[in-house]
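Residues per chain are reported as follows:
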Amino acid sequence: EAQVTQNPRYLITVTGKKLTVTCSQNMNHEYMSWYRQDPGLGLRQIYYSMNVEVTDKGDVPEGYKVSRKEKRNFPLILESPSPNQTSLYFCASRRNGGANTEAFFGQGTRLTVV
Amino acid sequence: DAKTTQPPSMDCAEGRAANLPCNHSTISGNEYVYWYRQIHSQGPQYIIHGLKNNETNEMASLIITEDRKSSTLILPHATLRDTAVYYCIVRVANTGNQFYFGTGTSLTVIP
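Going down the list, the sequences are from chains F and Y. Heads up: the first sequence begins at 1 in our numbering, then just goes up one per residue. Heads up: the second sequence begins at 1001 in our numbering, then just goes up one per residue.
I should point out that these hints are in silico values taken from the structure, not numbers from a laboratory. Glycine included, each C-beta is placed from N, C-alpha and C at the ideal position. Treat the hints with care, since some could be wrong.
Computed list of chain Y residues with no C-beta within reach of chain F, every gap over 10 Å [unchecked claim]:
#1 Glu1058
#2 Thr1065
#3 Ser1070
25 Å max Cα-Cα, derived DMTMM-like pairs, lysine to aspartate or glutamate [to be verified]:
#4 Y:Lys1052 - F:Glu102
#5 F:Lys57 - F:Glu30
#6 Y:Lys1003 - F:Glu102
#7 Y:Lys1003 - F:Asp38
#8 F:Lys57 - Y:Glu1031
#9 F:Lys69 - F:Glu79
#10 Y:Lys1069 - F:Glu102
#11 F:Lys17 - F:Glu62
#12 Y:Lys1003 - F:Asp59
#13 F:Lys57 - F:Glu102
#14 Y:Lys1003 - F:Asp56
#15 F:Lys65 - F:Glu30
Please put together the full structure from these sequences, using the hints given.
As structure tokens, then:
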């Protein structure tokens, strides 16, 4: 089954404690991205990757890091989480080219930073 | 990518057709119209997309006006499980550009 898998689904952490949210896809997609979703602000892109070892900032990259060492994995790293990073996070993947670039989303990670 | 305008909320009776409008008056000739939905904080789910012709799949139909300045997503027989936020997105295909999700239309299907 084609899917994007995020872990963990729920996480409560304290300010300043480094954490990583993992994302894995089994569709051999080149493009992967991270979004955060906050009430009234919709989904905003944090970082994206066009392919292995190619990453770039989205609209709200401050406080986040990513890496793309393998095609299937795209972890989101918060080196020093702060309460304003409390949010619902989604990982997504899709093929790079063609009109039918349907994006597949993970089930989300609800992060609370206290 | 062109901006879109959608009503913030709509209701629909169960079993009836749900017609969700979207205005995209600044759409460019090479921009596609995509529809996604998000059910209660789950990950967004692809529904359908089109360029200028009407499209239909197992989930929905997409009607795009001749001038392409607006479109309508039709769920032919809405069920309670169709209650969700529906996003209309326009973007150029075949690029690395992201999908810009606005605030969408919150559809409530009423029993």
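Hint numbers contradicted by this structure: No numbers; nothing is violated.
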